[in-house]
Amino acid sequence: GQSLEQPSEVTAVEGAIVQINCTYQTSGFYGLSWYQQHDGGAPTFLSYNALDGLEETGRFSSFLSRSDSYGYLLLQELQMKDSASYFCAVLPDTGRRALTFGSGTRLQVQP
Amino acid sequence: ETGVTQTPRHLVMGMTNKKSLKCEQHLGHNAMYWYKQSAKKPLELMFVYSLEERVENNSVPSRFSPECPNSSHLFLHLHTLQPEDSALYLCASSHGRDSTFEQFFGPGTRLTVL
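Protein sequence lines correspond, in order, to chains A and B. Sequential numbering from 7 applies to the first sequence in my numbering. Sequential numbering from 2 applies to the second sequence in my numbering.
Heads up, a few of these hints could be off.
[What the hints assert, rightly or not] Examples of chain B residues toward chain A, derived with CB under 7 Å:
{"no.": "1", "residue": "P43"}
{"no.": "2", "residue": "L44"}
{"no.": "3", "residue": "L46"}
{"no.": "4", "residue": "F102"}
{"no.": "5", "residue": "G107"}
Just so you know, the hints here were simulated from the structure itself, not pulled from any lab data. Positions of the beta carbon are idealized from the N, C-alpha and C atoms, including for glycine.
Turn these sequences into a full structure, and let the hints steer you where they fit.
This is the structure we're talking about:
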């Protein structure tokens, strides 16, 4: 089976850099995805890491290390609009082909 | 605008009612999903449809009954629900099961069971 752990809450100030970690236990997977969800909104796809290393998309970057069973989402130059919940998810390579999500990290950006 | 719409956005129902949730995607995708989102819990996958065929039923109680009449529409029929079924129900779609890592979600239906 798969399980993913994330911190429940993270607080940072505008303009800062924040890292949201995701550790997982899984028998095998294709890759690690990240989603953002604002209060009352739909989850939206941010990034996907199929291979180890860093993927950069504007102010957001995502990292995966399969040997460490670990990934993170890095948000730079934080803005107030980045206040949201962030979910990591894995796509298993055996059994059902459907995402398994973590519980999410609520990011509060303060002025 | 994500291209995935859900109706209604809010629903309050008694335990003896029958209601249906509707999802429509305008993205040309051929896989659709129902998720349940409860407070402080991970998104729980309920059902997966690929090319209108149900390919996943994640041990969901029979009081939830999905229907996928075509690749653009997905329904979740509800009957004799319990108060613990109160949650946000999210629909999602993807290009196909090989693109499952990138799903497009609708805004959800906030369901309250009295």
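Tested hints:
no.: 1; hint: P43; verdict: holds (4 Å)
no.: 2; hint: L44; verdict: holds (4 Å)
no.: 3; hint: L46; verdict: holds (5 Å)
no.: 4; hint: F102; verdict: holds (5 Å)
no.: 5; hint: G107; verdict: holds (6 Å)
When held up to the earlier numbered hints, the structure conflicts with none and fits them all.
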